[in-house]
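The task is simple: from the sequences and hints, build the whole structure.
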Amino acid sequence: MKHKLLIKKGWVLVLFLWCGSIVSAMAQGITINGKVTDASGAGLPGASVVLKGTSVASSTDVDGNYRLTVQSGTGTLVVSYIGFLTREVAVNNQTSLNVVLETDAKSLDEVVVVGYGTQRKSDITGSVAVVEVEEMKKVSTNDVGAMLQGRVSGVSVNTDGQPGAFPQVRIRGIGTFGNSDPLYVIDGVPVSTVPREFNPNDIESMQVLKDASAGAIYGSRAANGVIIITTKKGRKDTPLQVGYSGYYGIDQVWQRMPVTNRANYQTLNNESRLNSGKPLAPANDPMHPSYIDDIDTDWQEEGLKTGDRQNHNVSFSGGGANSTYNISLDYFGNNGTYVGNGPSYERYTARVNTTLEKGIFKVGQAFNYARSNENGLVTGDGVLAGGRPPLINDLVFAIPTMALYDPSNEGGFGGTLSEREDAISLNGIGYNSLVKNTTDVDRIFASVYGELEILKGLKYRLNLGYDATNIRDYNFIPEFNLGYFFNNNIARLNDNSRRLQTLLIENTLNYEKTFGQHSLAVLVGQMYQKDDGVYRQGSAEGFVKPYLPVLSNGAISDASGTEDSHVLASYLGRVNYSFADKYLVTATLRRDGSSRFSPANRFGYFPSVALGWKLINEEFINLPKTIFTDLKIRASWGKLGNENIGNYLYYPLINSNVVYTFNGQRVLGGLQTNVYDESIKWEEKSTANVGFDAVLFNGAVDFSAEYYNSKSEDVLVNIPIPASVGSVNAAPVTNAGTLRNSGVELSLGYNKEAGDFRYGISANFTTLRNEVLDLGDNAPERYGVGSITEVGGEVGRHFGWLADGIFQSQEEIANHAFQKAGTSPGDIKFRDISGPEGIPDGIINENDRTYLGSGIPKYTYGLNFNASYKNFDFTLFMSGKADYLINSRLYRSLMHTAGDDNWHEDILDRWTTVNTDTDIPRLVHADPNENGRDSNREGWLQDGTHLRINTVSLGYNFKEGFIKGLSSARVYVTAQNLYTFQKYKGYNPDFTAGVFEPGFDNGSFPRPRTLMLGVQVGF
Amino acid sequence: MKKLKYFIVAMMLLSSCDDELEMTNPNQRTTSTYWATEDQAFAGVVAVYNALTTDGTYQRTFPSFSDSRGDDMYGDSPATYLELGGQFAIPNNAGEVQWIWRDHYMVVFRANQVIENVAKMDAAVISEDARNRILGQAYFLRGLAYYNLAITYKAVPLITVPPADKTEYYPATASEQELWNHIYSDLRLAEEKLPVSYDNVVGPDRGQKGRATKGAAAGMLGKAYLYRKMYPEAETQFAKFFTGPLQGVYSLVPNYRDNFTTTNENNAESLFEVQFSATGGSIPNWTGEPTATWRQFIALPVAYGMDGKGWSDYQPTRWIFNEYRQEKTKDGKTDPRLAATILFYDQAEGFTSAYGTPWPADRRNQIYPRKYTMEGLGVPIETPETGGVNYRVLRYADILLMYAEVLNELNRTSDAYSYIQQVRNRANLPDLSTVKPGLSQAQMRDQIAHERALEFAIEGQRIQDIIRWGWLYDPAKLVMLKEHDDDFNTWTPGNEYLPIPQTELDYNSNLLPNSAN
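Heads up: the sequence lines are chains Z and G, in that order. For the first sequence, the working numbering gives the first residue as 1, with consecutive numbering after it. For the second sequence, the working numbering gives the first residue as 1, with consecutive numbering after it.
Do not take every clue at face value.
[Claimed, not checked] Here are the in silico distance ranges between beta carbons for each label pair: (1) A555(Z) x Q177(G): 51 to 59 Å; (2) K477(G) x A263(Z): 55 to 63 Å; (3) K477(G) x G842(Z): 27 to 35 Å; (4) K477(G) x Q810(Z): 26 to 34 Å; (5) A555(Z) x R325(G): 53 to 61 Å; (6) P91(G) x Q810(Z): 18 to 26 Å; (7) Q810(Z) x E483(G): 22 to 30 Å.
It is worth saying that the hints were derived from the structure and are not from the lab. For every residue, glycine included, the Cβ atom is placed at its ideal position computed from N, Cα and C.
This is how it looks when you write it as structure tokens:
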């Protein structure tokens, strides 16, 4: 005890000495007291007070009071507070110094780009999300859509890890069955195709218009939401500024599927065949001369390599008194992780933006040129038999007894033989190395606008846009032999080209006027857009070796081609009115005409109205300004249209190229091969939205919450018709179906600054509920892969049988409902839940299928944390989705009981006579019980809930002048896709999927872990 | 503000774009202006034939699924459904079940357009002869499609006009009797309207082989009556080939194998065959929208080709292999139809190579299909999309044996001998009336069954014969079938047909399942 007491006394002494030093320091200088307030006199708690050039600092208490001891009465205090302009005050020997801070108008009056104009953020009545562009750009990707993942509430992005991959961007759920991509508007020009050839480094600002009111001005195009992108412009009166930014990184697939090795594979395959009375495959039969014991290929090890990525961007910007310019040159390159020809992607872009103004005239242009070269991961179209999954799956379920190389095969790669392995297994590395599959794109995207101020407040604007894309799709398949089922005796070339053009003309008049407390802005306009496509296909076959694969070198060649056009012509109008900066009204009407509908159904009228109430400015509520910086509630309703279908679908056509060869004589035939619905019309989506926005503590906290409820009617959808109709197109486009989406969207931001340490957190959270209200007269349900879409349920619910464990005995089978003639112990028992009369009938058949869960995530979330301390900055970004089930084609293939592919190691726990306590059925070659059918058996539907660590980044900013000649310099390291917390046994729980099977992962490419080193410098 | 008004008006006028919204498809003409010329009528019926060349019709799945359900063939493929088809256990969601349905109804949809529109065409634009030929072919092709559907699915919807709009996409299942009556009617109309040959017709079809003829329609009609056991009607049909208008039009080709190679197509024995070619075109004709660059290959050769040379999806049964050896030719040799039908190794008989190379040493005890493969036709290996053998739908040999069968059923058993013997003569087999004189009606039935098995093995005939003879419901015959082919062990009553595709039941609530669902 004495010891302890002594020790305690020692601590007290240390504490005393330490405190004493402070006391002595205080005793040496003078103390300044004071209060920091806003313009209204309210104290600002937590404001920072620093003696300039020193580390002497303090912060205010809850009432805004501070106390600071300084060495002398000279010097300057720097007072800062978030949301307010920083102020410097000379001490001048005063001991009492009150400081009044002015609000930083810029932060509260942030201007947001909306359709055909801009608005103060605080005046917005619709649902508009502003993307934190600088944070977003910390993600390395070729595509602007992929950058949005986890950034904005209500926006769900699915993408896989293939270089050049198209992400799937969904704003507020599945609003339609057809094309659900949002509309992209770049510098005021709607872009018809996904802007792949767009350089994300050029983005200055980005907004997402989510509700009908915000999007209404884009009418027919906005039903899936609008993403507005403004590119960087130069600044006036600024000399040339030169900047460079770039990074280099390596990509590695960190996930591995545990598959069985040769010995296990052979044991399992033999067991499967013995159980079905089928002779062993010679390669797996130790008694057979063809038995393989010297090949044990680890396909994932052989087939996955380290990829890399890099980006280099140089920009030149500046401006004079009446002009600005910004020039940017960019390269992005990404070599993928699959051994062979693809996937890889590279893109060169050049952008020139200029503005000129003089008096009442204003002219601007944006010119973007892009070239991209993509080596796609090849698919099996035309050569490989059967609907094979993406090639990544072959790296996993290829059998280990297949050799990677075999010089005796044409092409040099190994394969299987029916008389040896008796397994259909594709050497994906071989196929990806033999077949060349490239897409080269040249795209020019140019826009010009001229603005004329006719009267004060009245502006006329002419907007012209031209978007031209030339695409070459090249595919060469040499002669090869990859064994059983996978061989090609005739070298073939497909060399196709596509030319897509979009012309846009817009005339708008804008009138703005403030009189008294009334503020009015009126917009009227007209637009015309025409899209043209020309498609040419050239093919040739029969090339001599060594190959010179151009069309002229084939023994036989042929050519074909088509073209199409689409026109959209619209009138639009909008009124924004506000009274006393308290009450806001926005009303919009747009009339759209589309060439895709018959004259009777051609035009659609799309109105919207939105109301806002700025509670903050309401005297009778008198919100305490120290807490509330801004507070607004808003509500909107509007109707939008959709015409995202193919061209010329409203009248039946004759196919005049239906050939038949009569005894060697080729004759052209012609008649109607497809049926069409001639009554198709606009799909309409109405959305109601309520929300409130709050800014607290002078901008330290920013909170927004919304609820929306949208209803899509007359949804344009390819509804499958009975094959007995005889149409080649088995699912013509028709207006069938009504869908409802509703959800809550929350976003929260918090910023804190304490001396040199600043940090910010932004989080978003979205819920989604989807319901199908109608699916058309004769289509009560629509089936997808293991899924059903039915009235009263959501889109693409998992559908199948209920598994009730494993049959342990013949007796148990006899006592159960009849399943299949070949059902045996070790097979899965399925539940008899219904029959033709709606009651269990003792037979397991399609009547016993039921709903097995949702394929649509109920929750989507993102969290961004950034911090800086002195010259260091740090970012952590995570995103994820929750509460949905995934049907993994890859996992199901690996757990097959029927065929000859390789297995997941989970299969080692299969049912056998000595291992009966398991959920995994027996192996039997032809799967007579159909154990592989859609069901809820273990592993068949997996929890997709996940949290992905998208970005972890650490940067260092060099002080100005630290490196001679550089005005600024920053270096950083980033780890992207560092890890994903997931239960899912496939690669990506956020795979891209088809509309009617949102929970079906056909085989998404794994997203690699990327480690990057980057630099940003200004000259 | 006045200025503003003028400005707005001017702007709107300048840019009124509603007229620009009328876009016509530059690639294809509309149906509204079609069926106006004779050329279009001819083109229409050509497009019906095109539908015979896809996976679900004669390119692969219809013939192979018919074959594998017989006792002469069984599935042996890692593609499970190809095995289950022959085992009468194919699930109703199998693609193969859908393809046969889908592609035959494409024939029906196209034939319906021709029949409806060409019949209405003004006499000023089409000659009566041309109209008859065109309609006759359309009736024939529709009758053939419904015949195939009826023998495969038993009862299906009967659609005889193109749908006017989407409310007509959901037909109900027709009764078997309605269906067959319509098959008879189509084939009867075809027989009436079609020429015996196109050699002397006036029109773009002059001289073209491969088109449906009077003989094809008359023969198919007889075959349909026989399937339904309408013997007197069948007798009338078949008699036309021996004493009626079709007498002397057809004959057996001397070399049996000439019926199954690329070298002697559309020969004197052929009443109707679907045309295939190994070359030409870049878009494979599995299914889908036909283009000018469509190929017209047959995929049976690659599906039937032996291990190492093709997919070997199906193999002949030992029973049929041995059946050929039951009776020697007049000069004491093996029935020549064996080597034309089955690919096997037999050093004594000189069969020691396949596809131009020696038999693999470890496969000598295996037997494979030869009929409808490219073996011996100069290819080293079968590849998808390069098979070129025409598929024979109806041969004169079938007319002979069907006529014999009808005569036997009409108690004219002794009259049947001569027709059977014509077929046996080509195989150089001894005179049946000498080796088996005085057969009873029942004995003659068995004899005809034996003759048909040998003559038509791997021609998709056997399962139809088994069904119409009722063997599956005759316990003794069922035991025999199980001995021939253990696939019959998993047959359960009703499953001799393919099930109605599940998707079709899903999409059409008026449709009934069949006994195999």
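Results for each hint:
1. A555(Z) x Q177(G): 51 to 59 Å: Holds - the Cβ-Cβ distance for A555(Z) and Q177(G), about 54 Å, lies within 51 to 59 Å.
2. K477(G) x A263(Z): 55 to 63 Å: violated (48 Å)
3. K477(G) x G842(Z): 27 to 35 Å: The hinted range 27 to 35 Å holds for K477(G) and G842(Z), with Cβ atoms some 30 Å apart.
4. K477(G) x Q810(Z): 26 to 34 Å: Taking Cβ atoms as reference, K477(G) and Q810(Z) lie about 30 Å apart, which means the hint holds.
5. A555(Z) x R325(G): 53 to 61 Å: violated (44 Å)
6. P91(G) x Q810(Z): 18 to 26 Å: For Q810(Z) against P91(G), whose Cβ atoms are near 23 Å apart, the range 18 to 26 Å holds.
7. Q810(Z) x E483(G): 22 to 30 Å: holds (26 Å)
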